[in-house]
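Novice: Each chain is listed here by its residues.
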Amino acid sequence: MPARARPLSPHLQVYRWQISNTLSILHRLTGVALSIGLVGLVAWFIAVAGGAQDYAALMRLYGGAFGWLIAMALVFAFFYHLLNGVRHLAWDVGFGFERRDRHASGWLVVAGALVLTAIALVLAAHFGGSSHG
Amino acid sequence: MAEFSLPANSKVRKDGRVFKAPDGATHVRVFKIYRFDPDSAENPRLDTYEIDMDQCGPMVLDALIKIKNEIDPTLTFRRSCREGICGSCAMNIDGRNGLACISACADIKGEVRIYPLPHMPVIKDLVADLTDFYAQYASIKPWLQTRTPAPPDSERLQSKSEQEKLDRPSACILCACCSTSCPSYWWNSDRYLGPAALLAAYRWIVDSRDEATGERLDQLEDPFRLYRCHTIMNCTEACPKDLNPARAIGELKQMMAHRRY
Numbered sequence: 001m002p003a004r005a006r007p008l009s010p011h012l013q014v015y016r017w018q019i020s021n022t023l024s025i026l027h028r029l030t031g032v033a034l035s036i037g038l039v040g041l042v043a044w045f046i047a048v049a050g051g052a053q054d055y056a057a058l059m060r061l062y063g064g065a066f067g068w069l070i071a072m073a074l075v076f077a078f079f080y081h082l083l084n085g086v087r088h089l090a091w092d093v094g095f096g097f098e099r100r101d102r103h104a105s106g107w108l109v110v111a112g113a114l115v116l117t118a119i120a121l122v123l124a125a126h127f128g129g130s131s132h133g
Numbered sequence: 134m135a136e137f138s139l140p141a142n143s144k145v146r147k148d149g150r151v152f153k154a155p156d157g158a159t160h161v162r163v164f165k166i167y168r169f170d171p172d173s174a175e176n177p178r179l180d181t182y183e184i185d186m187d188q189c190g191p192m193v194l195d196a197l198i199k200i201k202n203e204i205d206p207t208l209t210f211r212r213s214c215r216e217g218i219c220g221s222c223a224m225n226i227d228g229r230n231g232l233a234c235i236s237a238c239a240d241i242k243g244e245v246r247i248y249p250l251p252h253m254p255v256i257k258d259l260v261a262d263l264t265d266f267y268a269q270y271a272s273i274k275p276w277l278q279t280r281t282p283a284p285p286d287s288e289r290l291q292s293k294s295e296q297e298k299l300d301r302p303s304a305c306i307l308c309a310c311c312s313t314s315c316p317s318y319w320w321n322s323d324r325y326l327g328p329a330a331l332l333a334a335y336r337w338i339v340d341s342r343d344e345a346t347g348e349r350l351d352q353l354e355d356p357f358r359l360y361r362c363h364t365i366m367n368c369t370e371a372c373p374k375d376l377n378p379a380r381a382i383g384e385l386k387q388m389m390a391h392r393r394y
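Those protein sequences? They're chains L and S, same order as listed. Residue numbers are given in the numbering used here: position 84 of the first sequence equals residue 84, and the series is strictly consecutive. The numbering used here runs 133 ahead of the 1-based position in the second sequence.
Calculated directly from the structure, the hints in this document are not laboratory data. These numbers were taken from a predicted model, which means no experiment stands behind them. From the three backbone atoms N, C-alpha and C, an ideal C-beta is built for every residue, glycine too. Some hints could be false.
To be verified - A short list of chain L residues far from chain S (calculated; beta carbon distances all over 12 Å):
#1 P7
#2 V32
#3 S35
#4 I70
#5 L123
#6 A125
Unchecked claim - Over 10 Å on every C-beta distance to chain S, these chain L residues come out as not near it, computed from the model:
#7 L8
#8 N21
#9 L29
#10 L41
#11 A43
#12 V48
#13 Y55
#14 A56
#15 G63
#16 L83
#17 V93
#18 F97
#19 A104
#20 G112
#21 T117
Said to hold, decoys possible - Beta-carbon label-pair distances, calculated as ranges:
#22 L/M72 x S/L277: 54 to 62 Å
#23 S/T207 x L/H103: 38 to 46 Å
#24 S/R146 x L/G50: 28 to 36 Å
#25 S/C214 x L/E98: 22 to 30 Å
#26 L/A90 x S/N321: 53 to 61 Å
#27 S/D355 x L/A90: 21 to 29 Å
#28 L/G50 x S/N321: 44 to 52 Å
#29 L/Q13 x S/S173: 17 to 25 Å
If we strip away everything but chain L, and leave its shape as in the complex, we get:
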C-alpha cells in the first residue's frame, strides 16, 4: 500500500534566531545589498561625469532624507560585511571556534560596524551635508 507522503518538519518557522544564524544571514543580506548599491554608486559616477546639470538632477534623489537613509544603510552594510568577512577569514585559518570567541567576535563585529557607521555619518555631516547645494 502506498504510504501517504511524509510531511516535512518545520525549520525556519521554528528555529530560534541565535547569534550564529542571525549574523550569518546578515552577512548574506549585506552582501546582496552592497551588490545592488554598487549600481547606485556607478550612477553617481556617471552623473559626475555628465556635468553639473546631471549631477544636480541625481542629487535631488540622493540628497533627500530617503537617500541619506539608504546611503547610511549601505555604509553600515559595507562595514558589517567587511568586519564579518575578517571574522570568517579567522575561522578559515583556524581561529575563534570556541563558544566564547564566536560570541565575542560576533558582538564585536556588530558594535564595530555601528561605531564606524556613526563615524562616517559625523564625517559626512561635517564635510558634506547640504553645503554642496
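Place chain S on chain L using the hints.
Specialist: Quick look at chain S alone, frame taken from chain L:
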C-alpha cells in the same frame, strides 16, 4: 533553490487538541507539541498539554513520558538511555535542537514548544526519518582502513597525543541535532554531507592508524559534500555533547588547501 516555506501537506494546523491540567494543580506548565498521524489524511497540528510540574520530573523527557503514560498514549517519540548518551530523544525544543533527556524544563521560559528535528521527513509525531542521515554517515566509511599488515603481536599503537585528537570527535552520538540545525543542510541535504557526517570523516582523517587519508579527502573534494558549509555555526551551538563540528569542518577545508598548494 532553497524552499523557505513548508509544502502544503506539511503546514502545521493551530487547532490541535487541548488537554487541561487536573483541578488543584498549582505549578502548571504548557507544552505545545507537534503531532502528525500517518494513518489520518490530516496535516500536522500542535497539541497543547498542561502539566502539573509538581507531579513531573525536571527534564523535557520526563514531561513527554508523563504525557504518554498518563494523558495521551498516542504521543510518539524516541527515547532510550535518558542520560544523554544514546541520542534517541533528539528534537527541537524551544527553538533549539537538543536531547529531551538532558534539557531541563526550568531552563525554558513560557510555553515549552516541541517539534521534530527540523527539515526532515516526519514518520509520526516527534519521530523523524533519519535514513538519509545514516546513509551519509555510512558514505564516509566510518571504519579503520589500512594497507599495511597489522603488527603480528600487538594492536596498531598510538601515542597519547595521537589518541587525544580522536577523543572529542569520537564522542559523537549521531543524534543529528547538529545536521538538522544547519540551514545549509536544510537546503542541500541531498548533496551536502552535513556537520555530523563531516565530523565523523574528520575523526578518521586525523586517526594516525588510518591509511586512507588521501581517499577520504578525495571523497570530500566536492562543491557540495564539504563546501556547502558556510560557517553558520548552528551545529556547534546545538551539539548536546559540546563537540565542535564547525572547527572540524574548518580543519578539513584547511587540509584541502594545504595538500593542493
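Novice: Please flag the earlier hints that this structure goes against, numbers listed from lowest up.
Specialist: 1, 7, 8, 17, 18, 24 and 26
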